[in-house]
Amino acid sequence: EVQLEESGGGLVQPGGSLRLSCSASGFTFNTYDMHWVRQAPGRGLEHVSGVSNNGGSTYYADSVKGRFTISRDNSKNTLYLQMSSLRVEDTAVYYCVRTYCSSTSCTFDNWGQGTLVTVPS
Amino acid sequence: QSALTQPPSASGSHGQSVTISCTGTSSDVGGYKYVSWYQQHPGKAPKLMIYEVSKRPSGVPDRFSGSKSGNTASLTVSGLQAEDEADYYCSSYAGSNKLNYVFGTGTKVTVL
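Heads up: the sequence lines are chains C and Z, in that order.
The first sequence maps to residues 78 to 198 in this note's numbering.
The second sequence maps to residues 383 to 494 in this note's numbering.
It is possible that part of the hints are untrue.
Straight-line distance between alpha carbons at most 30 Å, and here's what the computed DSBU-like set of lysine-lysine pairs gives [stated by the list, open to error]:
id: 1; chain 1: C; residue 1: K153; chain 2: Z; residue 2: K426
id: 2; chain 1: Z; residue 1: K450; chain 2: C; residue 2: K153
id: 3; chain 1: C; residue 1: K153; chain 2: Z; residue 2: K429
id: 4; chain 1: Z; residue 1: K426; chain 2: Z; residue 2: K437
id: 5; chain 1: Z; residue 1: K415; chain 2: Z; residue 2: K490
id: 6; chain 1: Z; residue 1: K490; chain 2: Z; residue 2: K450
id: 7; chain 1: Z; residue 1: K480; chain 2: C; residue 2: K153
id: 8; chain 1: Z; residue 1: K480; chain 2: C; residue 2: K142
id: 9; chain 1: Z; residue 1: K437; chain 2: Z; residue 2: K415
id: 10; chain 1: C; residue 1: K142; chain 2: Z; residue 2: K426
id: 11; chain 1: Z; residue 1: K415; chain 2: C; residue 2: K142
The set of hints was computed from the structure by calculation and includes no laboratory data.
Could you put the whole structure together from the sequences, leaning on the hints where they help?
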């Protein structure tokens with residue numbers, strides 16, 4: 078069974094930093110691209126960042142570019158999101174998400190339960 | 383890039399059907415087969431319901447179906463059940479970077 082377990086969320090002051098982790102199990106971690114998706118309270122889903130299976134390629138949404146860094150340690154089956162210069166608008170539940178790709182398309186097929194990051198005003 | 387456009391709400395009676403639209407551009411929805419749909423109940427993580435426009439993962443009831451025409455994708459839920467009441471989000475690959483995806487604005491489905 079695929080399991081994704083996020084940790085590291087919490088309350089952080091504006092301008093502060095936080096590192097999220099996602100521990101993966103039940104699949105061969107180093108063969109899947111991975112992503113972080115967030116959801117602000119009462120709002121929709123926002124794709125924040127992605128990393129290729131070997132860590133060689135990354136993507137960042139404009140809203141976090143230059144402030145967040147995605148990485149992975151395939152030896153530990155763990156995905157990370159280093160967040161710095163945090164803003165009130167970064168307050169959200171952050172989900173760790175696996176990408177499944179067939180020969181013709183890709184999709185976010187497994188989601189963690191999420192970890193809440195709160196940046197108070 | 384901009385979020386894909388979905389209607390804020392949709393509703394249907396128990397046993398009836400409801401269709402949700404997801405409108406993008408030729409750079410995302412219209413350009414690729416990478417359209418997916420997710421169901422989210424309050425306080426829960428999203429769940430994959432449709433991928434590659436119209437394919438259902440194992441375990442998803444065949445009441446859920448997807449389609450696409452041009453820059454607009456659609457999700458149809460037939461034979462509405464109480465447990466179908468949830469938020470639904472579409473997503474699409476958005477090009478330029480193989481890791482670039484965009485979500486829809488979300489639709490709240492109510493079963494009357």
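Comparing the hints with the structure gives:
1. K153/C to K426/Z: holds, 27 Å
2. K450/Z to K153/C: Violated, at about 40 Å.
3. K153/C to K429/Z: holds, 26 Å
4. K426/Z to K437/Z: holds, 23 Å
5. K415/Z to K490/Z: Judged against 30 Å, a Cα distance of about 24 Å means the pair holds.
6. K490/Z to K450/Z: holds, 20 Å
7. K480/Z to K153/C: Cα-Cα ~24 Å, so holds.
8. K480/Z to K142/C: holds, 17 Å
9. K437/Z to K415/Z: Within the cut-off at roughly 11 Å; holds.
10. K142/C to K426/Z: Given that 30 Å is the threshold and the Cα spacing comes to 27 Å, the pair holds.
11. K415/Z to K142/C: holds, 27 Å
Comparing the model with each numbered hint stated earlier shows that hint 2 is the single one that does not hold.
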